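Peer 1: Residues per chain, in single letters:
Protein chains: 2
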Amino acid sequence: MVDAVIVGSVALDTVKTPFGEVKEVLGGAATYSSYAASFFAKPGIVAVVGEDFPKEHLQLLEARGIDTSGIKKEGKTFRWEGFYEYDMNEAKTVKTELNSFESFSPKIPEEYKKAKYVFLANINPELQLKVLEQIESPEMVMLDSMNLWIYTKKDKLLDVIKKSDVLLLNDGEARQMFNTPNLAIAGAEALKLGVKHFIIKKGEHGALLFSEGSHFNAPGYPLEAIKDPTGCGDSFAGGLIGYMAKTNNSDESNLRKAIVYGSVLASFNAEDFSLNRLKQISNQDIEKRYKEFEKMRQF
Amino acid sequence: MVDAVIVGSVALDTVKTPFGEVKEVLGGAATYSSYAASFFAKPGIVAVVGEDFPKEHLQLLEARGIDTSGIKKEGKTFRWEGFYEYDMNEAKTVKTELNSFESFSPKIPEEYKKAKYVFLANINPELQLKVLEQIESPEMVMLDSMNLWIYTKKDKLLDVIKKSDVLLLNDGEARQMFNTPNLAIAGAEALKLGVKHFIIKKGEHGALLFSEGSHFNAPGYPLEAIKDPTGCGDSFAGGLIGYMAKTNNSDESNLRKAIVYGSVLASFNAEDFSLNRLKQISNQDIEKRYKEFEKMRQF
Numbered sequence: 019m020v021d022a023v024i025v026g027s028v029a030l031d032t033v034k035t036p037f038g039e040v041k042e043v044l045g046g047a048a049t050y051s052s053y054a055a056s057f058f059a060k061p062g063i064v065a066v067v068g069e070d071f072p073k074e075h076l077q078l079l080e081a082r083g084i085d086t087s088g089i090k091k092e093g094k095t096f097r098w099e100g101f102y103e104y105d106m107n108e109a110k111t112v113k114t115e116l117n118s119f120e121s122f123s124p125k126i127p128e129e130y131k132k133a134k135y136v137f138l139a140n141i142n143p144e145l146q147l148k149v150l151e152q153i154e155s156p157e158m159v160m161l162d163s164m165n166l167w168i169y170t171k172k173d174k175l176l177d178v179i180k181k182s183d184v185l186l187l188n189d190g191e192a193r194q195m196f197n198t199p200n201l202a203i204a205g206a207e208a209l210k211l212g213v214k215h216f217i218i219k220k221g222e223h224g225a226l227l228f229s230e231g232s233h234f235n236a237p238g239y240p241l242e243a244i245k246d247p248t249g250c251g252d253s254f255a256g257g258l259i260g261y262m263a264k265t266n267n268s269d270e271s272n273l274r275k276a277i278v279y280g281s282v283l284a285s286f287n288a289e290d291f292s293l294n295r296l297k298q299i300s301n302q303d304i305e306k307r308y309k310e311f312e313k314m315r316q317f
Numbered sequence: 019m020v021d022a023v024i025v026g027s028v029a030l031d032t033v034k035t036p037f038g039e040v041k042e043v044l045g046g047a048a049t050y051s052s053y054a055a056s057f058f059a060k061p062g063i064v065a066v067v068g069e070d071f072p073k074e075h076l077q078l079l080e081a082r083g084i085d086t087s088g089i090k091k092e093g094k095t096f097r098w099e100g101f102y103e104y105d106m107n108e109a110k111t112v113k114t115e116l117n118s119f120e121s122f123s124p125k126i127p128e129e130y131k132k133a134k135y136v137f138l139a140n141i142n143p144e145l146q147l148k149v150l151e152q153i154e155s156p157e158m159v160m161l162d163s164m165n166l167w168i169y170t171k172k173d174k175l176l177d178v179i180k181k182s183d184v185l186l187l188n189d190g191e192a193r194q195m196f197n198t199p200n201l202a203i204a205g206a207e208a209l210k211l212g213v214k215h216f217i218i219k220k221g222e223h224g225a226l227l228f229s230e231g232s233h234f235n236a237p238g239y240p241l242e243a244i245k246d247p248t249g250c251g252d253s254f255a256g257g258l259i260g261y262m263a264k265t266n267n268s269d270e271s272n273l274r275k276a277i278v279y280g281s282v283l284a285s286f287n288a289e290d291f292s293l294n295r296l297k298q299i300s301n302q303d304i305e306k307r308y309k310e311f312e313k314m315r316q317f
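So the sequence lines, in the order shown, correspond to chains A and B. If you read the first sequence in the numbering used here, its first letter stands for residue 19, the second for the next number, and so on. If you read the second sequence in the numbering used here, its first letter stands for residue 19, the second for the next number, and so on.
Hints may be right or wrong, so weigh each one.
Copies of the same chain look alike in the list, so a pair counts if it fits in one copy or across any two.
[Unchecked claim] Derived DSSO-like pairs: lysine-lysine, alpha-carbon spacing no greater than 27 Å straight-line:
no.	residue 1	residue 2
1	K41	K264
2	K313	K210
3	K132	K313
4	K110	K313
5	K172	K275
6	K73	K210
7	K148	K210
8	K220	K245
9	K148	K171
Because the hints were derived from the structure by calculation, they are not lab data. All values reported here derive from a predicted model rather than from experimental measurement.
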């Protein structure tokens with residue numbers, strides 16, 4: 019039985035930052051988020067990879083207890099190429115090759131259907147809908163998206179939003195989606211669309227949570243050794259959904275804790291390329307940094 | 019007896035934001051910070067204004083219990099003109115007229131000399147030094163500066179830093195001063211200069227405090243009704259120094275509380291032009307918003 023279903027890309031990334039570069043390494047939103055979630059729960063991925071996808075990548079995920087039976091194999095693997103300049107809050111995309119994702123029609127395994135927690139990572143909202151329709155009675159659905167879909171498929175995106183409990187965007191996407199520079203106004207507008215919670219990821223500045231009648235402000239972690247922010251937003255989401263699935267309690271107070279666990283996973287992820295840093299950490303490391311987050315905000 | 023000495027500009031500002039504009043209204047770093055400090059303690063201003071400075075502005079400050087005997091009168095008042103676009107984190111300066119500040123040589127009143135708390139607001143570091151030399155035995159000296167002085171008078175600025183306990187910069191200035199995009203690295207570098215604490219103001223994203231062996235992350239306040247951010251950094255500093263002077267306890271735990279009080283004052287200040295909003299609030303309003311800050315970060 020899978021605790022958390024995660025749909026999104028499993029990809030090969032080529033990334034350059036001021037601190038190095040890597041070619042065709044393991045990446046993708048579903049990869050980062052399921053890996054982060056695996057510290058807390060049993061995630062199952064829904065995705066497609068190509069015949070060219072290295073076997074050891076799937077083995078790495080399976081060794082963490084991640085169910086990969088929802089990963090189809092056909093055509094050529096999704097590829098992303100991008101770089102970061104000194105202000106690493108913004109990824110610059112050089113190239114996106116959808117490849118096998120272009121014609122992907124997700125069909126989810128039986129063992130996924132009773133999962134209570136769902137993360138619809140950033141991908142075509144039509145695919146997100148198709149996956150969501152196959153989950154019987156989710157307790158919490160969290161939805162991520164990006165500027166491309168806000169521009170080109172806003173109607174479909176609004177359909178998914180209506181079926182989601184938590185909307186997750188970064189600050190740039192939030193300003194774009196709600197046509198305002200003011201994140202507090204964006205927060206209020208998102209709740210009017212019917213989601214229970216709206217989370218705005220702000221990179222090094224942490225995250226905001228807007229819920230009916232309250233807001234929460236999660237700090238970023240002051241990281242001296244940042245190497246590559248690729249996958250931080252997805253590690254955040256994965257840590258969050260994994261903790262929610264583990265605790266199976268969708269109260270706002272528990273969601274706040276989940277957001278901090280998500281922030282912890284994101285802060286580790288930025289310390290190296292691909293999943294290199296996440297592969298080194300233990301649950302003890304996570305607990306230790308969680309406590310640092312607690313101390314960092316006491317007054 | 020004055021509790022907190024504040025040196026900086028008392029000015030006439032002309033400001034345009036997407037929500038309105040004002041001409042030649044009361045402004046200046048010492049004005050905002052002393053007004054914010056007056057909710058907690060008795061500040062005394064060191065500054066110079068021109069013969070053209072409206073009498074009612076001084077009366078407004080005096081009515082709050084602010085000592086204005088350190089404000090000299092000669093020549094023409096300092097003027098600043100600027101505007102903000104939709105991203106209100108960055109002020110664009112149209113014109114700065116130093117006027118009477120160009121030849122100002124500060125001499126502080128007797129009643130200021132025993133003050134324990136000093137805020138050297140953003141002004142020529144040579145003036146900051148002259149004021150500081152006249153304070154007998156300060157408990158805490160907090161120093162603000164700006165890109166202009168980092169470029170043109172870095173040596174003098176370093177002299178003032180050596181005599182200060184707390185360095186205060188915004189994020190852009192911090193990156194510039196320490197020549198790094200990474201605020202955690204900037205934080206470590208600042209402490210090497212000998213200050214006990216380094217505070218980085220991040221506008222809507224809150225503030226960071228770096229101290230030996232610890233860091234604190236103060237949230238911003240999600241404000242729907244922001245009209246004019248002019249003076250927010252100074253209201254922050256004033257609330258902070260006022261609270262420190264009131265409690266007379268320079269422990270880090272108390273400094274964290276002071277930072278949150280500073281954030282509260284800054285959040286009110288952004289809600290209207292000039293000092294209009296600060297003129298309306300009471301200590302009760304401040305306590306109420308302080309409690310909101312507490313709730314906003316519980317997890």
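Peer 1: Compare the structure with each hint and give your call.
Peer 2: Tested hints:
1. K41 to K264: For K41 and K264, the Cα distance exceeds 27 Å both inside one copy (34 Å) and across copies (58 Å).
2. K313 to K210: between (34 Å within a copy, 23 Å between copies)
3. K132 to K313: Answer is neither; intra-copy 38 Å and inter-copy 35 Å both fail.
4. K110 to K313: Close neither inside one copy (34 Å) nor across copies (36 Å); limit 27 Å.
5. K172 to K275: neither (31 Å within a copy, 43 Å between copies)
6. K73 to K210: neither (45 Å within a copy, 49 Å between copies)
7. K148 to K210: For K148 and K210, the Cα distance is within 27 Å only inside one copy (24 Å; across copies 56 Å).
8. K220 to K245: Both: 18 Å inside a copy, 22 Å across copies.
9. K148 to K171: Within one copy, since 15 Å is at most 27 Å while 62 Å is not.
In summary, the structure is inconsistent with hints 1, 3, 4, 5 and 6 from the numbered list given earlier, while agreeing with the others.
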